[in-house]
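Q: For chain A, the structure is supplied; the task is to place chain B on it using the hints.
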Amino acid sequence: MMKDVIVIGGGAGGLAAAIEIHQAGKDVLLIEREEFLGGILNQCIHNGFGLEVFKEEYTGPEYANQFIDVFLQEKIDYLLDTTVIGLKKEGHIFTVETSNESQGIEFYQTQTVVVSTGSYERTRGQISIPGDRPYGVITAGSAQRYLNTDGLLVGKKVFILGSGDIGLIMARRMKLEGAEVLGVAEIMPHSNGLNRNIVQCLNDFDIPLYLSHTVTEIIADDHQRLSKIKVSKVDESFRVIKGSEKVFEVDTLLLSIGLIPDVTILDDLGVEIDKRTKSVKVNQAYETNIEGLFVCGNALQVHDLVDNVTLESKRAGQAVVRYLNKDKVKENHTLSLNPGTNLAYITPQRLDMGLEQENISLSFRSRKKMEKAVCKIYQNSQLIFEKKLFFVLPAEMETIQLPFKTIQDQGDLKVELEVKS
Amino acid sequence: MKKEFICIVCPRGCRISVDDDLNISGNQCPRGKTYVENEMKSPTRILTTTVKTIFEYTPRLSCKTDKPIPKELLFKAMEVINDVVIEEEINIGDIIIMNILDTGANVIATKPSRKKE
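So the sequence lines, in the order shown, correspond to chains A and B.
Taking this note's numbering, I'd label the letters of the first sequence as residues 9 to 429.
Taking this note's numbering, I'd label the letters of the second sequence as residues 32 to 148.
Worth flagging that the hints you see were computed from the coordinates, not collected in a lab.
Keep in mind that the hints are not guaranteed to be accurate.
[Claimed, not checked] Between beta-carbon pairs, the in silico distance windows are:
| hint | chain 1 | residue 1 | chain 2 | residue 2 | range |
| --- | --- | --- | --- | --- | --- |
| 1 | B | 41 | A | 62 | 29 to 35 Å |
| 2 | B | 41 | A | 367 | 22 to 28 Å |
| 3 | B | 133 | A | 346 | 55 to 61 Å |
| 4 | B | 62 | A | 62 | 19 to 25 Å |
| 5 | B | 37 | A | 409 | 27 to 33 Å |
| 6 | B | 129 | A | 131 | 40 to 46 Å |
| 7 | A | 110 | B | 41 | 48 to 54 Å |
| 8 | A | 77 | B | 114 | 27 to 33 Å |
In this text, a Cβ means the ideal position worked out from N, Cα and C, and glycines have one as well.
This is chain A alone, in the form it adopts within the complex (with noise of 0.2 Å):
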């Protein structure tokens, strides 16, 4: 049996572009690797999700929930606690290899494939932490699941490394479950979460911030538990200074280093990779340089708030219903856009020039907190499009809709971030 779509992942971009595409009236097929669907947000008890989608201020479950209901009412075929272990490609006809512990291995074919796989969490081998490797070292992210979805804390006394968003957030959530939080360091010389987050997760508990720092030791007992970790200064290129050294006694240190996109089921379709994004490069119908394999959310490109998971697995939707409907043809003439100064990344990498439409999103990150910043998009080094963007930081990706008709049909485009003089 064929299907037009078959969308890899559960979570918020699964779930979005699962909706869009079933209510265009196609044939869609839904597999989700854990026993429930709603992804990693059923793990975020927090509050603050669906502020620009809903206006409203949901925990994760609740966001989830919003859209688990439409989408069983819309009677999407889905698959859970079950495994995607393979993709293929022949022909035009893409073959998806499921696993699953009652039904075994099954093949499902497909028109047209959307991953929406989310992201993985860097672990300590990623940042080579010198010392032992005793139990106790584990990714924020995991110890959240063991605590929210199990109801495990994972240790009682507890130093973070990082100031990513989950970790900030497993800082107040350890805190208020009776552990002790001695601290969180983070290497670069400012947060890499929210303000909100800093605000509500540390400054709220007395927990400290030390920025500029990070674990230059991890110490186990005898037992192959940690027992102690040292912390130390860094300079300007991040050069650990000598006898800075603090030393915390800790039963458990949380990682919180940052997210990478999760598309290792991709690894042999020969997909043209971003090395900025470390995901795939997709033109602005989300499509990969394979033919049908559309990308979305996390798995595109870490993102800061689950609204624009949604909007953007939204948009993907739409151009898996057009690409299907073959409503604009694919010229294969493509433009490349660049990153330039200020810029971290952007997506998407190209511009099909036969896949018309009224307004192209671009999302990028900037490198540097900038106040009245004007992002400037050049083409042929002439500047065709600008916009003001008052306020800007590498914690917030930024979205702008650049008009499809002020794009020549020739010359690559830069994207830039300047201070408005």
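A: For chain B alone, kept in the frame of chain A given last:
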């Protein structure tokens, strides 16, 4: 003694200080002043946490206070909530604890006690 606040009304994150005579400075807009005044007078927060259940697939259910409660009552409220065990099927928005610590706020479920779908 001077007190420092980071305003969270907008992403700008002004550092606002209040001196002994309650003069507010460092805010770049009036909303910052209002924010700091509230934080000085009666800081309140929505509490989000979990409750125990007897259900296999959802051993913990997330919950929250339906109104902000005084900041200094957060730990006391945690003690009350951690004593509760949910034994009946429950839906989003259902009240778990009425009027917790006489704050006027109810603790409500933010996740349904779903069985395996």
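Q: All hints are to be evaluated individually against the structure, with a verdict given for each.
A: Against the structure, the hints:
1. Residue 41 of chain B and residue 62 of chain A have their C-beta atoms about 20 Å apart, which leaves the hinted 29 to 35 Å range violated.
2. Between residue 41 of chain B and residue 367 of chain A the Cβ separation comes to about 25 Å, which falls inside the hinted range of 22 to 28 Å.
3. A hinted range of 55 to 61 Å holds for the C-beta pair residue 133 of chain B and residue 346 of chain A, which are about 60 Å apart.
4. The supplied range of 19 to 25 Å is met by residue 62 of chain B and residue 62 of chain A, whose beta-carbon atoms lie about 22 Å from each other.
5. Separation of residue 37 of chain B from residue 409 of chain A is about 31 Å and conforms to the stated range, judged on CB atoms against 27 to 33 Å.
6. Under the hint 40 to 46 Å, the C-beta atoms of residue 129 of chain B and residue 131 of chain A, about 44 Å apart, fit the expected range.
7. A hinted range of 48 to 54 Å holds for the C-beta pair residue 110 of chain A and residue 41 of chain B, which are about 51 Å apart.
8. Our hint of 27 to 33 Å for residue 77 of chain A and residue 114 of chain B holds, since their Cβ atoms are close to 31 Å apart.
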